[in-house]
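Trainee: Sequence:
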Amino acid sequence: MFFPITKSEDFVLVEELPSDELYIHWKNSGLTPGTPIQEGDLLGEVSLVEWGCRNEWYDGRLLEDPIRIETSRYLNSKITQLDFRKHHSPLAAKIITSEEHLFAELEEAKLPLVLKSEFGLAGRNHIIFKSASDSWKMAQVNKKLFGFPILAESWVGEERFFDFSTLWDVRDGEFFYLTSTTMLIDKEGVFRGIRIGGTEQSYSAHYLPPVMDLVRDTKGLLPKEYSGPCAIDGFLFREEGKVQIQPVSEFNFRYSIGRILWEVRKKRNPNGAVVSGILILPYPKQGSLDEWSTIGRLEIELSIHLILLTPVRDLSGKPYQNTVLYFETTEEKEPSVVESIWLSWMD
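Numbers 1 to 347, taken from my numbering, label the letters of the sequence shown in order.
No lab work stands behind these hints, which were simulated from the structure alone.
For every residue, glycine included, the Cβ atom is placed at its ideal position computed from N, Cα and C.
Check the hints yourself; a few may be wrong.
[To be verified] Listed next, the in silico DSS-like pairs over lysine-lysine satisfying Cα-Cα at most 25 Å (straight line):
no.: 1; residue 1: LYS318; residue 2: LYS267
no.: 2; residue 1: LYS267; residue 2: LYS285
no.: 3; residue 1: LYS27; residue 2: LYS266
no.: 4; residue 1: LYS94; residue 2: LYS137
no.: 5; residue 1: LYS266; residue 2: LYS86
no.: 6; residue 1: LYS7; residue 2: LYS143
no.: 7; residue 1: LYS143; residue 2: LYS130
no.: 8; residue 1: LYS110; residue 2: LYS94
no.: 9; residue 1: LYS285; residue 2: LYS86
no.: 10; residue 1: LYS86; residue 2: LYS110
no.: 11; residue 1: LYS267; residue 2: LYS219
no.: 12; residue 1: LYS242; residue 2: LYS130
no.: 13; residue 1: LYS130; residue 2: LYS94
no.: 14; residue 1: LYS242; residue 2: LYS110
no.: 15; residue 1: LYS7; residue 2: LYS266
no.: 16; residue 1: LYS27; residue 2: LYS267
no.: 17; residue 1: LYS137; residue 2: LYS110
no.: 18; residue 1: LYS7; residue 2: LYS267
no.: 19; residue 1: LYS267; residue 2: LYS86
no.: 20; residue 1: LYS94; residue 2: LYS7
no.: 21; residue 1: LYS266; residue 2: LYS333
[Said to hold, decoys possible] Ranges of calculated distance between the beta carbons of each label pair, as one might list FRET restraints:
no.: 22; residue 1: LYS94; residue 2: GLU159; range: 28 to 36 Å
no.: 23; residue 1: SER202; residue 2: PHE119; range: 32 to 40 Å
no.: 24; residue 1: SER47; residue 2: THR330; range: 16 to 24 Å
no.: 25; residue 1: LYS219; residue 2: GLU9; range: 33 to 41 Å
no.: 26; residue 1: GLU107; residue 2: GLU301; range: 47 to 55 Å
no.: 27; residue 1: LYS285; residue 2: ARG171; range: 21 to 29 Å
Required output: the full structure, derived from the provided sequences and hints.
Mentor: In structure tokens, the structure reads:
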């Protein structure tokens with residue numbers, strides 16, 4: 001996913017080269033993809049930009065850097081992030097250290113609860129306990145959450161109605177604000193995509209002040225070794241008829257999907273009224289998919305522009321689990337456009 005945001009003079013390190021068809025698609029979409037390389041092909045000094053920040057470049061190869069790895073683990077751990085969000089979250093959260101601790105917590109805690117892995121992807125490494133009858137989900141903890149410690153947090157479920165992500169650059173322990181995006185989350189809390197543009201900032205007056213307070217109070221907690229992007233995810237929910245703000249559900253010290261969207265939109269440079277979005281589309285469980293004819297048909301039928309940001313399948317023809325698709329449309333048409341893309345892709 002770095003290809004769509006690179007400049008033509010950049011090099012992109014890959015395990016597998018992109019297809020000519022996809023590379024031409026990016027260029028025809030007004031992007032300037034860099035040159036794909038594989039390990040050992042590029043020697044000499046480079047300025048390394050990573051999805052996260054874990055490696056150094058040496059003799060044409062990536063080498064893991066123990067200090068950067070430790071910094072990354074510290075910053076991206078949901079356990080240590082409890083210190084970052086201290087006094088800034090209206091929802092109770094605690095660390096669970098063992099299976100016995102979890103049994104005791106589920107007996108005493110007020111349900112519903114969500115259990116989150118220390119390290120995991122948005123909405124994909126958590127387990128929701130809505131009632132005592134969900135006790136069977138205990139068997140999923142080691143497989144889905146990768147064991148202990150884990151985070152247990154109050155779950156607001158259907159009362160959660162708006163998810164946002166604020167985007168930042170971090171330098172020398174300081175946060176520099178870029179923009180905000182709106183996340184598309186399904187009813188089970190799984191991340192499906194993200195959007196920017198139009199009037200989606202209607203709630204920003206609610207959530208930006210507490211997010212700014214949160215960022216101010218993290219000063220001194222961030223190791224100065226980290227320099228790079230950060231996304232702070234949060235949401236709004238209703239409690240007893242009043243709007244409540246969760247300014248942070250997690251920090252992502254890496255190139256988030258929202259950051260990729262912002263960078264691609266900058267390259268495309270649509271007017272402010274245009275909505276830009278990214279959808280994470282799973283490969284259909286039944287049948288096969290002709291992505292190029294599907295994209296061409298949707299562009300004509302919906303009068304929109306679509307860009308495939310990642311390949312649907314590898315060069316051997318084996319489908320990937322998910323594909324990332326960028327779209328541009330008007331705010332009025334956006335809900336029906338998103339639904340049409342999803343249904344067409346999965347049909």
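Trainee: Are the hints correct? Go through all of them and say.
Mentor: Checked hints:
no.: 1; hint: LYS318 x LYS267; in the structure: violated (30 Å)
no.: 2; hint: LYS267 x LYS285; in the structure: violated (34 Å)
no.: 3; hint: LYS27 x LYS266; in the structure: holds (15 Å)
no.: 4; hint: LYS94 x LYS137; in the structure: holds (19 Å)
no.: 5; hint: LYS266 x LYS86; in the structure: violated (34 Å)
no.: 6; hint: LYS7 x LYS143; in the structure: violated (40 Å)
no.: 7; hint: LYS143 x LYS130; in the structure: holds (20 Å)
no.: 8; hint: LYS110 x LYS94; in the structure: holds (13 Å)
no.: 9; hint: LYS285 x LYS86; in the structure: violated (42 Å)
no.: 10; hint: LYS86 x LYS110; in the structure: holds (21 Å)
no.: 11; hint: LYS267 x LYS219; in the structure: violated (32 Å)
no.: 12; hint: LYS242 x LYS130; in the structure: holds (22 Å)
no.: 13; hint: LYS130 x LYS94; in the structure: holds (17 Å)
no.: 14; hint: LYS242 x LYS110; in the structure: holds (20 Å)
no.: 15; hint: LYS7 x LYS266; in the structure: holds (12 Å)
no.: 16; hint: LYS27 x LYS267; in the structure: holds (12 Å)
no.: 17; hint: LYS137 x LYS110; in the structure: holds (17 Å)
no.: 18; hint: LYS7 x LYS267; in the structure: holds (10 Å)
no.: 19; hint: LYS267 x LYS86; in the structure: violated (37 Å)
no.: 20; hint: LYS94 x LYS7; in the structure: violated (44 Å)
no.: 21; hint: LYS266 x LYS333; in the structure: holds (22 Å)
no.: 22; hint: LYS94 x GLU159: 28 to 36 Å; in the structure: violated (21 Å)
no.: 23; hint: SER202 x PHE119: 32 to 40 Å; in the structure: holds (33 Å)
no.: 24; hint: SER47 x THR330: 16 to 24 Å; in the structure: violated (38 Å)
no.: 25; hint: LYS219 x GLU9: 33 to 41 Å; in the structure: holds (36 Å)
no.: 26; hint: GLU107 x GLU301: 47 to 55 Å; in the structure: holds (54 Å)
no.: 27; hint: LYS285 x ARG171: 21 to 29 Å; in the structure: violated (44 Å)
The structure is inconsistent with the numbered hints 1, 2, 5, 6, 9, 11, 19, 20, 22, 24, 27, although it conforms to all the rest.
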